[in-house]
Amino acid sequence: MLTRRHLVASIPFALAALAAPSRAATESGLKRVAAIDWAAAEALVALGAIPVAVSDTQYFRQRMPVSLPETVADIGPFWEINLERLAAIAPDAILANSSSLVMTPAIADVAPVAQVPDRAAKGQRFELAVAIMRHAADTAGVPGSDVDAFQQRIETRLSLMRQGLGRADRPMLVLLPDQNGRRAMVYGEGSLPDAVLRKLGLANAWSGPVNANGLAQVGLDALMPLAGATFVQVEIPTLKLRTARSLGRSALWQRLEPIRAQRSITIPQFHPFGGLPSAAHFAEMLVPALERLPA
Amino acid sequence: MTDLSTAAPRPVLRGASIGVAALAIAALGLVFFNLSTVAGSESWLQLLFAPDLEDPRQTVAYFSTFPRIALAIVTGLALGFAGSVFQAVLRNPLAEPGLLGVTSGAQLALAASLLYAPALWTEGYELVALGGGVFVFALVALAASGRGASAPAFILTGVVVSLYCNALYGLLILFHHDFLSDLLAWQAGSLQQSGWQSVARLTAQAGIVGLAMLFLLRPLRILSLGDGPARSLGLSPALVKVSLLGLASTLAALVTAEIGIVGFIGLAAPALARHAWPRQFANPIPAALVGAALLLFIDQALGLIAPYAGDIPAGAAAGLFTGPLLAILAVTGRQADRPRTDRMPLPSRRLARPSFALGALATLLVLAAGLSLLTGFGDGGWQIVSPTDPDLPWHWRLPRLLGAAGAGACLAIAGLLLQRALRNPLASPDLVGVGHGAGLGLIIAFMIVPAGAVWSKLAVSAAGAAAVLVLVAVLARRASFQPERTLLVGVGLGSMVHALLVLFLASGGPNGAALLSWFSGSIGAVRIAEGVMVCVVALATVVVALVFHRWLAALPLGDQTSLSIGITPRIARTMLFAVAAVAIAAATMIVGPVSFVGLIVPHLVSQAGFQRTRDIVLACALSGAIFLVGADFIGRNLAWPWPMAPGLIAALLGGPIFLWLIWRGRSQ
Numbered sequence: 001m002l003t004r005r006h007l008v009a010s011i012p013f014a015l016a017a018l019a020a021p022s023r024a025a026t027e028s029g030l031k032r033v034a035a036i037d038w039a040a041a042e043a044l045v046a047l048g049a050i051p052v053a054v055s056d057t058q059y060f061r062q063r064m065p066v067s068l069p070e071t072v073a074d075i076g077p078f079w080e081i082n083l084e085r086l087a088a089i090a091p092d093a094i095l096a097n098s099s100s101l102v103m104t105p106a107i108a109d110v111a112p113v114a115q116v117p118d119r120a121a122k123g124q125r126f127e128l129a130v131a132i133m134r135h136a137a138d139t140a141g142v143p144g145s146d147v148d149a150f151q152q153r154i155e156t157r158l159s160l161m162r163q164g165l166g167r168a169d170r171p172m173l174v175l176l177p178d179q180n181g182r183r184a185m186v187y188g189e190g191s192l193p194d195a196v197l198r199k200l201g202l203a204n205a206w207s208g209p210v211n212a213n214g215l216a217q218v219g220l221d222a223l224m225p226l227a228g229a230t231f232v233q234v235e236i237p238t239l240k241l242r243t244a245r246s247l248g249r250s251a252l253w254q255r256l257e258p259i260r261a262q263r264s265i266t267i268p269q270f271h272p273f274g275g276l277p278s279a280a281h282f283a284e285m286l287v288p289a290l291e292r293l294p295a
Numbered sequence: 296m297t298d299l300s301t302a303a304p305r306p307v308l309r310g311a312s313i314g315v316a317a318l319a320i321a322a323l324g325l326v327f328f329n330l331s332t333v334a335g336s337e338s339w340l341q342l343l344f345a346p347d348l349e350d351p352r353q354t355v356a357y358f359s360t361f362p363r364i365a366l367a368i369v370t371g372l373a374l375g376f377a378g379s380v381f382q383a384v385l386r387n388p389l390a391e392p393g394l395l396g397v398t399s400g401a402q403l404a405l406a407a408s409l410l411y412a413p414a415l416w417t418e419g420y421e422l423v424a425l426g427g428g429v430f431v432f433a434l435v436a437l438a439a440s441g442r443g444a445s446a447p448a449f450i451l452t453g454v455v456v457s458l459y460c461n462a463l464y465g466l467l468i469l470f471h472h473d474f475l476s477d478l479l480a481w482q483a484g485s486l487q488q489s490g491w492q493s494v495a496r497l498t499a500q501a502g503i504v505g506l507a508m509l510f511l512l513r514p515l516r517i518l519s520l521g522d523g524p525a526r527s528l529g530l531s532p533a534l535v536k537v538s539l540l541g542l543a544s545t546l547a548a549l550v551t552a553e554i555g556i557v558g559f560i561g562l563a564a565p566a567l568a569r570h571a572w573p574r575q576f577a578n579p580i581p582a583a584l585v586g587a588a589l590l591l592f593i594d595q596a597l598g599l600i601a602p603y604a605g606d607i608p609a610g611a612a613a614g615l616f617t618g619p620l621l622a623i624l625a626v627t628g629r630q631a632d633r634p635r636t637d638r639m640p641l642p643s644r645r646l647a648r649p650s651f652a653l654g655a656l657a658t659l660l661v662l663a664a665g666l667s668l669l670t671g672f673g674d675g676g677w678q679i680v681s682p683t684d685p686d687l688p689w690h691w692r693l694p695r696l697l698g699a700a701g702a703g704a705c706l707a708i709a710g711l712l713l714q715r716a717l718r719n720p721l722a723s724p725d726l727v728g729v730g731h732g733a734g735l736g737l738i739i740a741f742m743i744v745p746a747g748a749v750w751s752k753l754a755v756s757a758a759g760a761a762a763v764l765v766l767v768a769v770l771a772r773r774a775s776f777q778p779e780r781t782l783l784v785g786v787g788l789g790s791m792v793h794a795l796l797v798l799f800l801a802s803g804g805p806n807g808a809a810l811l812s813w814f815s816g817s818i819g820a821v822r823i824a825e826g827v828m829v830c831v832v833a834l835a836t837v838v839v840a841l842v843f844h845r846w847l848a849a850l851p852l853g854d855q856t857s858l859s860i861g862i863t864p865r866i867a868r869t870m871l872f873a874v875a876a877v878a879i880a881a882a883t884m885i886v887g888p889v890s891f892v893g894l895i896v897p898h899l900v901s902q903a904g905f906q907r908t909r910d911i912v913l914a915c916a917l918s919g920a921i922f923l924v925g926a927d928f929i930g931r932n933l934a935w936p937w938p939m940a941p942g943l944i945a946a947l948l949g950g951p952i953f954l955w956l957i958w959r960g961r962s963q
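Order-wise, the sequence lines are chains H and G. Those letters in the first sequence? Residues 1 to 295, by our numbering. Those letters in the second sequence? Residues 296 to 963, by our numbering.
Isolated chain H, as found in the complex (with noise of 0.2 Å):
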């Protein structure tokens, strides 16, 4: 386990690396934008156009996979915005996607309102990641070429660990177990770790339906079928525990072909909602798992 420890201290090294270094907002003529959209933020930050706000700071500093300077005004969470204090802040451009214009429409009133998108089309989702980047840049004042050069780092990573992979034919299946050892939250077509998988030419063992996020809720018993996939669990700290106990208890997830054959790796939390840099995150804590899996 001393392994996944170092794992998860090189993440940050590793994204860092791919970061340009941060501008001010007033020397390089960046607008001052307030991301309330986190995939919008992530991208940002990871271009060094750091937003004046952004909604509900302290979990994002928490989950997300790049670090925000704590001069970062918080203006409350997506569903509701604080908007004395948006106002207060007097951003050039706001950057939301539809459920926060649905919550708190009157978001508009403080500044021009550009929409992330957040729709992809079938199978394109690591393209969606890389048009919210684009999104942002343009709407941040951000050069494109910077979003260019950002987008061919990650893909440059991304194929030097498909390469490194070789041997990648065995279909993988991205789960959340749920505390109580008896279903499981599993990735699908269309989820961002899916886009990763199929970035680094593995497969997605789980073909089965999702909702309109990619996620399906299944029991164990749809994962019977699965023999010959490996297994990535995602944890999440708090559960560890407990989720490890159950999953020790349960009598059909210890009869699951890929636990029996050992094949199954625990990866931490990533932000499944997220754009590129939440994808590079992803890819970065899978792979190292992967090659240390006994063939």
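Hints are computed from structural coordinates only; laboratory data are not their basis. Careful: at least some of the hints might be erroneous.
Residues on chain H that point at chain G, a partial pick, calculated with CB under 10 Å [what the hints assert, rightly or not]: (1) Leu68; (2) Pro69; (3) Val72; (4) Thr104; (5) Ala106; (6) Arg119; (7) Gly123; (8) Arg125; (9) Gln179; (10) Ala212; (11) Leu220.
Think of the CB as a built atom: it goes at the ideal place given N, C-alpha and C, for glycine as much as any other residue.
Got chain H; can you put chain G on it based on the hints?
Chain G alone, transformed into the frame defined by chain H:
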């Protein structure tokens, strides 16, 4: 359908029995079908007693399909039994353990211990759930005990505590929304199994409690004759009631610990059993059997569609199935006439100078409004702004203020109208289903409108509210606006919407928190036009209530009394119901379904000693407005820059006040 209600009781009885038998047969049919799908041609006895665990299909059958069937039966038995005991003891067809806050208490204890004392979980979370459920029950029993454990005091206290627990739970979730999907998925009540431990555990625990309850069945039958005969036979009604309710609560808490919240079986099973066997009112066994058949049917039907729709939690889906069932029962069935003992708790005191008190309330409202407009927490701490500043007080705060005041008044008056018209102290805006209708509109929009599209929350919720309002009105009209039936219609529809909400939340995705915040009653998005609109509706409602104050005074006295002074109860009820529904719809669009204000304010006002109906109407409107304006002010500043939903704040503040009033009332 209507001829059923006028026909002789015999055919009705047979019809309902056939329905129950059909349900049981359908459930068994689904069991056989699902088993043969999973296991193919293997003999089931061999699967059950000597499964070949190297075969994946047999493994699934042995570790998942069979335990799931057993769990559905045990859970259904326990919930049907507990619900029936609650209804028999409290003599209210809306009573079930969930109503007294037992399940909410268990749920809150589980969530809180998960967040703040994870060590408790390793000691067995059943104990945590049981502790929470039993603690809540003890609290309710203690607060209500001074009134001889009378049913209305019990139920009202229970509902208040339940709302309080739900508000705390909502706060926990919204402030730890990283846990959100996990907590919600787990509370949604999936019967999915992966081994035999939980069936074995629940069967043993529920079996012991159930056996203990069987010994109390005879006293329960005697109690069904009323407290008087029981007392003359040497039974202490309070003791029997409290121990029965306590044991039934334990059953519900055990189920909650094992599989989360299983909605509405406890409500629907006794209702169905009562229709099939009207004479067995005090016998909970039929209800337990119906509960088992109902839950088994629902869960197996969900198992059937799982390959296409994923695992849908049966606990939440039960609301989808049983909602319409309750509505149909309310419209078609013959309600057995029982002596009703649940009247409103009597006001304990009388105000000497009500007009002085009304003046004080009005002053308080003005003060609260001024405070809310001109002060607030900001970047540099507390700030007082000048009224000449055009932006902060008038552009950003006035819409919220108007929205809160108007919605609070609307909800409080609507609660008063409904409680008077439907003669039930529990009739509150959320029981009419209109708020749920508005929520339904939102859920459907979140589900089907493609990502990226922006739609008007207001228009969508108005459409939902209107649709459900029409439906409820049509159904309630078929039920002749009889109080109990009308409430059943509302509860049935409400349970459907709640089930949809839980299903949506449990399916994962980033919009869950937004929807949850709307359902807990948030006000941040109000624009000035909407604020003005709800204030106008509030004023109109007050005027109507004042004009028809005689109806409000006469209806609670019974239909005969009303007729004798020239009021046709049916017309009066229809009118009041319509007015209340419009007020609820307007308020819900602004603040979401805030159940607390409508339920509590009318009781607070009469507990405070207002007695003339006209005074009560005005006091309700003013108090409702003060309540939400204050809650909005607190919610805006307490966790700044984070908002706290005024609906939650209202529940957190109002709950203790109300319990204190009940408690104080007992000594007089």
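- Task: Just pull the numbers of the violated hints for me, sorted ascending.
- Result: Checked against the structure, the hints that fail are numbers 1, 2, 3, 7 and 8, while the rest are satisfied.
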